[in-house]
Amino acid sequence: MTSTLAAPRSPYARTPRKNGVNWEKWGWIYMRVSGVVLVVLIFGHLFVNLMVGEGVSALNFAFVAGKLTTPFWQWWDVAMLWLALIHGGNGMRTLVNDYATTRIGRGILKSSILAAVVILIVLGTLVVFTFDPCPAGQPADLLPTFCQAL
Amino acid sequence: MPQNSAEALTAQRKTTSRRPAGTLYRGREGMWSWVLHRITGVAIFFFLLVHILDTALVRVSPEAYNAVISQYQTPLMGLGEVALVGAIVFHAFNGLRIIAIDFWNAKYQRVLFYVVIGLWVVTMLAFVPRHLINVFSH
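Residue numbers (the numbering used here), protein chains in the order written: chain P, 1 to 150; chain V, 1001 to 1138.
In case anyone wonders, no lab produced these hints; they're calculated from the structure. Treat the hints with care, since some could be wrong.
To be verified - Here are some chain P residues pointing at chain V (derived, C-beta under 8 Å):
# : residue
1 : Leu59
2 : Leu95
3 : Phe146
Even for Gly, the Cβ is constructed at its ideal location relative to N, Cα and C.
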């Protein structure tokens, strides 16, 4: 029986898969494409919510209601929600692959990340598109001023 | 056989550049930017989970949303927002640096790290005083 030893420091022998989608490659591309878009979306979000006017001190239901009644901010927030959660979830998956040592540990952690991402995407999308800026029976001083015209 | 492995080693030296594969992330600026990118990424991820849940309270009632958002306006959380924005700004600029060294040229990665730090300082100088005035004057 003869066995051949590879020369020291020779690259790992990789057998590239002949068929199927290379999901790791598309994940790698997704992190970069979504990252660039998220820089614009999140810097815009932080500027409008923390820098304009009185910043964080001005945030309340009426402020959010004013934003979420315009399609522009609805789509801004929904795009941020989907892109950021998938970007963050995929990043956490990378860390789990790097640091979780057992197969079952990786399985539990990655399932938890997936569950958190899916639940929060569904929740956030429903909130944005079913939002009522003028809920009935609420104190008028907590609602945006345009509710008085109703 | 020693002859062969020496040849293999020489061949590998020839095929790789001056910088063997992988060492962008071993030691010095390349490593520390990578460490910071991971730490800030994890911190932002967990904030994102909380932030979606607190924003979802707009669907419950104005009182519920205002009760939670007023917690973000306390001095302690105001300082926390400085840390959060600092983490986001670093992660954003270093992410653009990663894209630049992946698609453009890795030999500038070290100087780009200091560009990231410089842009981070400028951005934080624009944000922190204004934010702290908003937090502490109310």
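- Interface hint compliance - P:Phe146 to chain V, C-beta minimum distance less than 8 Å: violated (14 Å)
- Under 8 Å, Cβ to Cβ, is where P:Leu59 needs to be relative to chain V, so tell me if that hint holds or is violated. holds (5 Å)
- Answer holds if the nearest beta-carbon of chain V is closer than 8 Å to that of P:Leu95; otherwise answer violated. holds (7 Å)
Checked against the numbered hints above, the structure breaks only hint 3 and satisfies the rest.
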